[in-house]
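Asks: Chain residues, written in single-letter form:
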Amino acid sequence: MIRKHRAHPLWFAYALHRFSGLALALFLPAHFYILSKALTQPESLDTFLALTDNPMVKLAEFGLVFLLTVHFLGGLRLMAMEWLPWSDRQKTFAAVAVAGAFLVSGLFFLRVV
Amino acid sequence: MLGVRLYMLQRLTALIMAPLTLGHIVVMIYAIQGGLSTAEILSRTQGSIWWLLFYGSFVVAVSLHAAIGLRVIVHEMLGLKRLALNVFTLVISLLLLFMGARAVLAVTLS
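Protein chains in written order, with this note's numbering: chain A, 1 to 113; chain B, 1 to 110.
Incorrect hints may appear among the rest.
[Claimed, not checked] A few chain A residues that face chain B, going by a derived Cβ cut-off under 10 angstroms, partial list only: (1) T52; (2) M56; (3) T69; (4) Q90.
FYI, nobody ran anything at the bench for these hints, they're computed from the structure. Model, not experiment: these values are computed from the prediction. Even for Gly, the Cβ is constructed at its ideal location relative to N, Cα and C.
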């Protein structure tokens, strides 16, 4: 059973922000590690980059761009909520964050497929 | 668990990263066209003081931001407190800073 407060759109916005932040933080060390090979082991970086031809990797990239964008827009929404005198618009901004992230990551996706 | 200073640092790094993230997204959508290669990445970034500053400041901000964010999660969900929580935050931020600096230098130094 879903507890009542978890059916609230703002709870979903909170959960999405936390999940995307956690996932991005876990992704960062791998991202940095791979890029740091550029100078010392360019052939091993190229071997890794060749993986990105795999459709599943493209889908994962789409996911990462979505997470980055939704965390970015969700963060703007959070700071707007904390610092700007808004109230009724909160749900709209939560929806805009998801829609905007989908738009941007969708654009990215269309470029890779 | 988050004092005023860490709270403000989290918001400050977020504000610094807002335009950097937008820039990063634009670069990704532009760079990914036709696939990626080491040579292509290096031809764009190597020897550029601007990319060094752009991604260098991004790495500093994200190292602090991610460490503080993980600090909140670890405290709320795993119950880590006081010294252990401070050590955790410090280790994560230094680890990300070190790895991120290595990555930025690898693609910008010529």
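Asks: For each hint, tell me whether it holds in the structure or not.
Replies: Consistency of the hints with the structure:
no.	hint	verdict
1	T52	6 angstroms, holds
2	M56	16 angstroms, violated
3	T69	6 angstroms, holds
4	Q90	18 angstroms, violated
Of the numbered hints stated above, those contradicted by the structure are hints 2 and 4, listed in ascending order.
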